[in-house]
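Asker: Protein chains in written order, with the working numbering: chain Z, 1 to 117; chain W, 1 to 116.
A portion of the hints provided could be inaccurate.
Said to hold, decoys possible - Label-pair restraints from in silico Cβ distances:
(1) Z:Lys16 with W:Glu22: 23 to 31 Å
(2) Z:Phe47 with W:Gln70: 22 to 30 Å
(3) W:Glu26 with Z:Pro40: 20 to 28 Å
To be verified - In the DMTMM-like style, the derived pairs of lysine to aspartate or glutamate whose C-alpha atoms are separated by at most 20 Å in a straight line are:
(4) Z:Lys70 with Z:Asp26
(5) Z:Lys3 with W:Glu26
(6) Z:Lys109 with W:Asp85
(7) Z:Lys109 with Z:Asp86
(8) Z:Lys70 with Z:Glu96
(9) Z:Lys109 with W:Glu59
(10) Z:Lys109 with Z:Glu15
(11) Z:Lys70 with Z:Asp22
(12) Z:Lys70 with Z:Glu44
It should be emphasised that the hints constitute simulated quantities derived from the structure, not laboratory data. Note that beta-carbon positions come from the ideal geometry of N, C-alpha and C, so glycine has one too.
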Amino acid sequence: AQKITQTQPGMFVQEKEAVTLDCTYDTSDPSYGLFWYKQPSSGEMIFLIYQGSYDQQNATEGRYSLNFQKARKSANLVISASQLGDSAMYFCAMREGPGGGADGLTFGKGTHLIIQP
Amino acid sequence: SQTIHQWPATLVQPVGSPLSLECTVEGTSNPNLYWYRQAAGRGLQLLFYSVGIGQISSEVPQNLSASRPQDRQFILSSKKLLLSDSGFYLCAWSDEIAGAGRETQYFGPGTRLLVL
């Protein structure tokens, strides 16, 4: 079974609308971290937001927020007031375990977001 | 602030030739270092990680190897490239001191490798 599932291969959204990118995960470890990265056409992976499994509140970073529903194992990224520059691939990733060491990330297959003017 | 460099940016190599990709990090000490590969249209796959000089762990059996000769230098190598080695290679670093469980991996600009 896939550990990270992103069910939306591609999305078209009108500029200034809010966007929700879906991510579900699978782990039996009680300690884990969830990440979202943005990959523009240049290829660089840009860190957007982090959510820890024990965090009580949903993470927010500027226009980005993470809708964390632990019981459903869901960690959707919400982008408010989308901009043309938000067009990119978006990847959800998970680190299993409490961290503090060199734990690699498991990535989903990504969602290609296109913002239309 | 920390920066991470990778070179070359693009590489075209014939099958059977050797490979050496370099990654260096500035502005931090004793980082955890990672090599990932991204096949076209896919997510990233972890290849190697390192917690210190000379300490390399491999995640998948493959045609590649990694070395860490210096604290902030991570090298990805191959003696003989295969067609299947083509892809986008990304180096990343993280700082475990950042906070237990919260350390984030920051990626370099990547190297696009095409094996013909």
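Asker: Below or equal to 20 Å on CA atoms is what counts here, so check Lys109 of chain Z against Glu15 of chain Z.
Answerer: violated, 24 Å
Asker: For Glu26 of chain W and Pro40 of chain Z, compare the CB-CB distance with the range 20 to 28 Å and indicate the outcome.
Answerer: holds, 23 Å
Asker: Against the 20 Å threshold, does the CA-CA distance of Lys109 of chain Z and Asp86 of chain Z hold or violate the hint?
Answerer: Cα-Cα ~18 Å, so holds.
Asker: Within 20 Å, alpha carbon to alpha carbon, are Lys70 of chain Z and Glu44 of chain Z?
Answerer: Answer violated: Lys70 of chain Z to Glu44 of chain Z is near 29 Å, above 20 Å.
Asker: Is it true that the CA of Lys109 of chain Z sits at most 20 Å from the CA of Asp85 of chain W?
Answerer: holds, 19 Å
Asker: Regarding Phe47 of chain Z and Gln70 of chain W, is the given constraint of 22 to 30 Å on their beta-carbon distance met?
Answerer: holds, 25 Å
Asker: 23 to 31 Å was suggested as the range; check whether the CB atoms of Lys16 of chain Z and Glu22 of chain W agree with it.
Answerer: violated, 42 Å
Asker: If you draw a straight line from the CA of Lys109 of chain Z to the CA of Glu59 of chain W, is it 20 Å or shorter?
Answerer: holds, 18 Å
Asker: Does the structure keep Lys3 of chain Z and Glu26 of chain W at a Cα separation of 20 Å or less?
Answerer: Judged against 20 Å, a Cα distance of about 32 Å means the pair is violated.
Asker: For the pair we were handed, Lys70 of chain Z and Glu96 of chain Z, check the Cα-Cα distance against 20 Å.
Answerer: holds, 14 Å
Asker: Is the hinted pair Lys70 of chain Z and Asp22 of chain Z satisfied, with a Cα-Cα distance of at most 20 Å?
Answerer: holds, 14 Å
Asker: Would you check the hint for Lys70 of chain Z and Asp26 of chain Z, treating anything up to 20 Å between C-alpha atoms as holding?
Answerer: holds, 11 Å
Consistency note: the structure conflicts with the earlier hints numbered 1, 5, 10 and 12.
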